[in-house]
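Novice: Residue numbers (UniProt numbering), protein chains in the order written: chain A, 1 to 486; chain B, 1 to 450; chain C, 1 to 266.
Hints in this document: simulated from the structure, not taken from any laboratory.
Cβ coordinates follow ideal geometry from the N, Cα and C atoms, glycine included.
Heads up, some of the hints might be wrong.
[As the list claims (entries may be wrong)] Simulated restraints on C-beta separations:
1) Gly162(C) <-> Met354(B): 44 to 54 angstroms
2) Thr263(B) <-> Lys30(A): 36 to 46 angstroms
3) Asp30(C) <-> Ile440(B): 29 to 39 angstroms
4) Ala30(B) <-> Thr70(C): 18 to 28 angstroms
5) Leu236(C) <-> Ala363(A): 32 to 42 angstroms
6) Ala363(A) <-> Gly162(C): 37 to 47 angstroms
7) Pro328(B) <-> Leu200(A): 37 to 47 angstroms
8) Ala199(C) <-> Lys26(B): 22 to 32 angstroms
9) Lys30(A) <-> Met354(B): 46 to 56 angstroms
10) Phe293(A) <-> Lys125(B): 53 to 63 angstroms
11) Ile440(B) <-> Val216(A): 30 to 40 angstroms
12) Gly162(C) <-> Asn242(A): 55 to 65 angstroms
[Unchecked claim] The calculated BS3-like cross-link candidates involving lysine-lysine, where the alpha carbons are at most 27 angstroms apart (straight line), are:
13) Lys91(C) <-> Lys31(B)
14) Lys341(B) <-> Lys34(A)
15) Lys341(B) <-> Lys324(B)
16) Lys288(A) <-> Lys113(C)
17) Lys132(C) <-> Lys113(C)
18) Lys26(B) <-> Lys384(A)
19) Lys379(A) <-> Lys107(C)
20) Lys384(A) <-> Lys23(C)
21) Lys23(C) <-> Lys132(C)
22) Lys384(A) <-> Lys31(B)
23) Lys31(B) <-> Lys90(C)
24) Lys384(A) <-> Lys132(C)
25) Lys113(C) <-> Lys480(A)
26) Lys379(A) <-> Lys26(B)
27) Lys341(B) <-> Lys35(A)
28) Lys379(A) <-> Lys91(C)
29) Lys153(C) <-> Lys113(C)
30) Lys31(B) <-> Lys125(B)
31) Lys379(A) <-> Lys324(B)
32) Lys480(A) <-> Lys259(B)
[Claimed, not checked] Here's a subset of chain A near chain B, in silico, CB distances under 10 angstroms, partners left out:
33) Leu11
34) Ile209
35) Phe464
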Amino acid sequence: MSTGYITLIVLGLCGLGFFLGRARALATSKATGKKLHSLPNYYGQAVALFTAVPALLLMLAWLFLQPLMIEGRVAGMIPDSVIPEGGAKSLVMADVRRIADGLDALMVAGHMSESDLDAMRADFTDIRNRLGNVGVALGSDVPVPVFEAAKELRKSQNAGNFLMTLAVLGLSLGLLAWSWSRVHPDQRARNASETFVLALLIGASLVAILTTAGIVASLLFETINFFKMYPASDFFFSTVWNPQFRGGSDLGILPLLWGTLYVSFLALLVAVPLGLMIAIYLAEYASKPLRAFAKPAIEVLAGIPTIVYGLFALITVGPFLRDYIASPLGLGSSSSSVLTAGLVMGIMLIPFVSSLSDDIINAVPQSMRDGSYGLGATKSETIKQVILPAALPGVVGAILLAASRAIGETMIVVMGAGAAAKLGLNPFEAMTTITVKIVSQLTGDTEFASPETLVAFALGLTLFVFTLGLNVLALVIVRKYREQYE
Amino acid sequence: MTDLTSSDAVPAPRKGSLLTQDARTKQRNAKEARFRMMGLIAVTIGVLSLVGLLTSILASGLSSFQQTYVELEVYLDPAKLDKKGERNLTDIAKVSTFGYAPLIEAAMISAIERTGVTSDVANAKAAGELISKEAPATLRDFVLANPDLIGETVQFDLLAAGRIDGFFKGRVTMESAALDRNVSPEQLQLAQQLKEAGILTTKFNWAFFTAPDASDTRPEAAGLGVAIIGSAYMMLIVLVLSLPLGVAASIYLEEFAPKNRWTDLIEVNISNLAAVPSIVFGILGLAIFINMVGLPQSAPVVGGLVLTLMTLPTIIIATRAALKSVPPSIRDAALGVGASKMQAIFHHVLPLAMPGILTGAIIGLAQALGETAPLLLIGMVAFVREYPAGPPEGFFDPAAALPVQVYNWTQRGDPAFVERASGAIIVLLVFLVIMNIAAILLRRRFERRW
Amino acid sequence: MYDAPKFAETKVTNNDIKIAARKVQVYYGDTHAIKDVDVDILDKTVTAFIGPSGCGKSTFLRCINRMNDTIDICRVMGDILIDGEDIYDKKVDPVQLRAKVGMVFQKPNPFPKSIYDNVAYGPRIHGLARTKADLDEIVEKSLRRAALWNEAKDRLDQPGTGLSGGQQQRLCIARAVATSPEVLLMDEPCSALDPIATAQVEELIDELRQEFSVVIVTHSMQQAARVSQKTAFFHLGHLVEFGDTGQIFTNPKDERTESYITGRIG
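Excised from the complex, chain A in its bound form (with noise of 0.2 angstroms):
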């Protein structure tokens, strides 16, 4: 049975539940004449929130289980001898996976029973030319021993399914009746639907650490798993990045770590200067109509998703730089650079200056300004003298904050700053990051049992760890700041 079918049995059994609940607490109340301790409604909610959240959770956490423990099993299965030469385990599992999906399709289509199927060899069936009619497209004839997988990949998922669909119709149900049970007009059933209530509060909010876990995790063992195919000691050290695609790849992270702090350098040139004075304009000298019309108007830059900014570097900044001053003065004839990417990504980095330096130069007291007014301070020496150096540290902490975007951004460089890996000082030539790295490693038919394609994720975990450092640093920064002025 489909998960669409039983979330959907189930949650008409919730409402069943509901009414059941309710009723039975009715009538128990008439019948005993006790008064009943919660609002009818309440008993109905209690044995709901029973027959339904518990199901669903059991079948979400089973959705998440089977695959991997089937998987496993079966992948347990193939021997070496299967595996083409060059290639891996992985693409194998995935003909596995075809093969089942195509006798499922098979089935379907009425062209065969499942006796059929256990009959079925492929040594004497032409399983390629019959799957090829239902749509399935195999490379190469299937040899015995994926057949056999694929076979049993295809019924452990059968009963796999099979059984998931007895233990949450059957949980539903259990607890459905447990609690319709337990309805009595003593019973708090607004206390247990509350407390119910408040333990998926608990759980909402515990995604977020999920979530954090499940990065972490997922770049940690990936990352592991890399390091042991491929020395940390060269990926950390060495200065040279040259993926090939039948190994004896080099996979030096410093040419795209400097990439990505030569573009971040840029971008953080361009942005700190306009977004600190544009912040200081619009909160000491701008006339309410101009600060009006402005700070929304360069808010919108933080608005605008990132890929309109790549597009942007693409058509108009690169081929411009390229005309205009790389050509004439002889730097380079590429229109993807270091310098488009850091432009454009400095454009974008200037609502994030300013509009957090914009906060912070208005959280410095009043009478810090007066004080320097009265003794006869120009504003632009109040600004610099006082002002700036009393906000100084929420000043860095906004600043921290922009590189940490701007070593994560991706559309920009992956469109603006090319692909090349080099270790150069000329603005002009094209870089490559490591964003950039992650998403051509990753993109495309992508085999997780290779070092080209498991080293972005240690350049994703690089990446995690210096991002999440930088925020840290700043949240730190800001936070004390904001304290001062409490």
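Keeping the supplied structure of chain A fixed, place chains B and C upon it in accordance with the hints.
Specialist: This is chains B and C only, laid out in the frame that chain A set:
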């Protein structure tokens, strides 16, 4: 009291009229003016960047909403389409798109003759090349849908070839055509004459919103249909999952959570998640949802889940702010008449905080709609021509997404795709503007001052 | 009950008029905050502005060094002359004016800098010291004037925000005198201080009179009586009465002044 030794120790007051500025004051005022000017310049640069960004996209993308079509009367020749003459669908279906190309070429020649245009390249092949390679497929689909019209002459609006379309939009010129293998200057002249004769027309490009993607060689046929459906499916998933989850988590953290190390951890966690690079969420989606759970690649369900996790912090932060802005007196009033804490929150606080929550949700959704990087990793870059089925099965079918479609098109050779990509961005931005206006209106409409 | 105040011992001598205000009007948007104020403030004298909250005494004080310029909606009309020069003349640069008319605020507001840099801030921006030694001297003299030298001399490089409230206010006074102003405006300088610190600052104000014309806004009538030679009573934006402190407190001419001093309004 003072430890001053002699009263003349303080520097003597400078005497001088207030009405004249001394040199130093002038210098300081000049500095002040310069500083102020720098600020104004920075603001101007910021605003100009926005203007430049938008005009550059509009300038290169607006033309994608117009498309050149060829109005042709095509004779559906039974001798070519249905040799047996039985109008049997399986027989008709055996004629491939190559079988339809000669019909179009013939129709083109007769149209040229009818208008009296003379040209060096008025031969069947060159004239046929003015029409998109997509046209035979359009014709074939039409015939398969209406087999009884075989043998009659039917009026068609067929797509003009990408280069011809580009010629009328100024992208292709006589000079560039001279260097181009796909089109010759003579063909462009012919196209110009046909345009004047009314055979080539420019119309609003509805197909851009409905058609699926097209292959590298036929940019004129590429549309956003699949991408819009894919994005809509993902937004649906994001909304359905992240709103209840986010609101539930916020209620717990804001109203129930005790202040201890554990809840502090959750809070720090949420603010950090909000700043994790989006591409890391893509890695998470690939590793957990696709490799571990075995969900299909390129499917809206995976994209929706990944974007949900990304949007959650935004919604939680907005919801908590909304809950915080409901004054405690409301809670006290409810508790005072004997409501439980849960009742006070669900019956009184939550409805009052709802406008703020929905505003936050819309803004989170708008962010999710424009997000590209994580979707690249979960296979949404795949070339998808099939429309996904209706929900819920369609959530598991391969689909594209608006921002990824933009990226996809920028990676292709033909410059016509740049126009398409910019056009797609305009569509995306229009959606974002609508969502943000909705959020602003919602806030204005329900804004409450306590 | 009304305690007879103890009057400042020094009698007013025939000092020159330092500040002359004529028909001063101040508007905050549509609110008429100061109405027709005429007052002459003498050199080397402490003048106290007293009156109930919101009577306009602080607003008027802030007109004297044009601090109200920083508030957009505030408009000032009428004439205020310092040494015979109209400070609202278009040619007057408020920056230059404020170097001549220093100000100390209600709440101590040292900059988040070292004690030394706090005091040196004014001299630096106005270019009063040519050499480091000059600056050191100005800082030391100013701190001595503010009676803070002995407490601060060993910690000049420590942040000014680390001092106690009374010390901070004396630091602010040192900061104000460091630019060698001719007039010192004090806006309730003791309202945030404890009694001991208040006594120290009051004693200091009396010393400062030898050099400057001091104008002090205060809430406390006792303080006005203790430190000032001249007192002006403000009420609802009007300058009700202005005269020798002794006369105002013992023999007020106006009914409203008497009511305020005896505690019936305010």
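Novice: Now tell me if each hint is right for this structure.
Specialist: Verification of the supplied hints:
1. Between Gly162(C) and Met354(B) the beta carbon distance is about 48 angstroms. The supplied range of 44 to 54 angstroms therefore holds.
2. Between Thr263(B) and Lys30(A) the beta carbon distance is about 44 angstroms. The supplied range of 36 to 46 angstroms therefore holds.
3. In this structure the supplied range 29 to 39 angstroms holds for Asp30(C) paired with Ile440(B), their Cβ-Cβ distance being about 31 angstroms.
4. Here the CB-CB span from Ala30(B) to Thr70(C) is close to 21 angstroms, well matched to the stated 18 to 28 angstroms.
5. Our hint of 32 to 42 angstroms for Leu236(C) and Ala363(A) holds, since their Cβ atoms are close to 35 angstroms apart.
6. At about 21 angstroms, the beta-carbon gap between Ala363(A) and Gly162(C) misses the expected band of 37 to 47 angstroms.
7. Between Pro328(B) and Leu200(A), the C-beta spacing of about 24 angstroms breaks the proposed range 37 to 47 angstroms.
8. The beta-carbon spacing between Ala199(C) and Lys26(B), approximately 44 angstroms, falls outside the hinted interval of 22 to 32 angstroms.
9. Distance hint check for Lys30(A) and Met354(B): the Cβ-Cβ separation is about 38 angstroms, which falls outside the suggested range of 46 to 56 angstroms.
10. In this structure the supplied range 53 to 63 angstroms holds for Phe293(A) paired with Lys125(B), their Cβ-Cβ distance being about 58 angstroms.
11. For the hinted restraint 30 to 40 angstroms between Ile440(B) and Val216(A), the CB-CB distance of approximately 37 angstroms keeps it satisfied.
12. At about 57 angstroms, the CB distance of Gly162(C) to Asn242(A) agrees with the hint of 55 to 65 angstroms.
13. Between Lys91(C) and Lys31(B), the direct Cα distance comes to roughly 18 angstroms. Compliance with the 27 angstroms bound is thereby established for this hinted pair.
14. Between Lys341(B) and Lys34(A) the alpha-carbon distance is near 26 angstroms, which keeps this suggested pair within the 27 angstroms criterion.
15. With a C-alpha separation of about 15 angstroms, the suggested pair Lys341(B) and Lys324(B) falls inside the 27 angstroms cut-off, and the hint holds.
16. Proximity of Lys288(A) to Lys113(C) is assessed by CA-CA distance (about 32 angstroms); at most 27 angstroms being required, the pair is judged violated.
17. A hinted pair counts as satisfied when its Cα atoms are at most 27 angstroms apart, and Lys132(C) with Lys113(C) qualifies at roughly 18 angstroms.
18. Taken as a hint, the Lys26(B) and Lys384(A) pair is honoured in the structure, with Cα atoms around 18 angstroms apart against an allowance of 27 angstroms.
19. For a cut-off of 27 angstroms, the pair hint linking Lys379(A) to Lys107(C) stands: about 21 angstroms separates their Cα positions.
20. Of the pairs offered as hints, the one joining Lys384(A) and Lys23(C) is violated, with about 38 angstroms between alpha carbons and a cut-off of 27 angstroms exceeded.
21. Only pairs whose Cα atoms come within 27 angstroms are accepted, and Lys23(C) paired with Lys132(C) is rejected, the gap being roughly 45 angstroms.
22. Distance check on the hinted pair: Lys384(A) and Lys31(B) sit about 12 angstroms apart at the alpha-carbon level, within 27 angstroms; holds.
23. Of the pairs offered as hints, the one joining Lys31(B) and Lys90(C) holds, with about 20 angstroms between alpha carbons and a cut-off of 27 angstroms not exceeded.
24. Annotation: proposed proximity of Lys384(A) to Lys132(C) holds, straight-line Cα distance about 21 angstroms (limit 27 angstroms).
25. As the CA atoms of Lys113(C) and Lys480(A) are separated by approximately 17 angstroms, the hinted pair is consistent with the 27 angstroms bound.
26. Proximity of Lys379(A) to Lys26(B) is assessed by CA-CA distance (about 14 angstroms); at most 27 angstroms being required, the pair is judged to hold.
27. Annotation: proposed proximity of Lys341(B) to Lys35(A) holds, straight-line Cα distance about 23 angstroms (limit 27 angstroms).
28. As the CA atoms of Lys379(A) and Lys91(C) are separated by approximately 18 angstroms, the hinted pair is consistent with the 27 angstroms bound.
29. As the CA atoms of Lys153(C) and Lys113(C) are separated by approximately 15 angstroms, the hinted pair is consistent with the 27 angstroms bound.
30. For a cut-off of 27 angstroms, the pair hint linking Lys31(B) to Lys125(B) is broken: about 72 angstroms separates their Cα positions.
31. With a C-alpha separation of about 37 angstroms, the suggested pair Lys379(A) and Lys324(B) falls outside the 27 angstroms cut-off, and the hint is violated.
32. This hinted pair checks out: Lys480(A) and Lys259(B) have alpha carbons roughly 19 angstroms apart, not beyond 27 angstroms.
33. Given the 10 angstroms rule on beta carbons, the hint for Leu11(A) is violated: about 14 angstroms separates it from the nearest Cβ of chain B.
34. Hint status for Ile209(A) relative to chain B: holds, with the closest Cβ pair at about 6 angstroms, below 10 angstroms.
35. Evaluation of the Phe464(A) hint against chain B yields a held restraint, the C-beta minimum of about 5 angstroms falling below 10 angstroms.
When held up to the earlier numbered hints, the structure conflicts with 6, 7, 8, 9, 16, 20, 21, 30, 31, 33 and fits the remainder.
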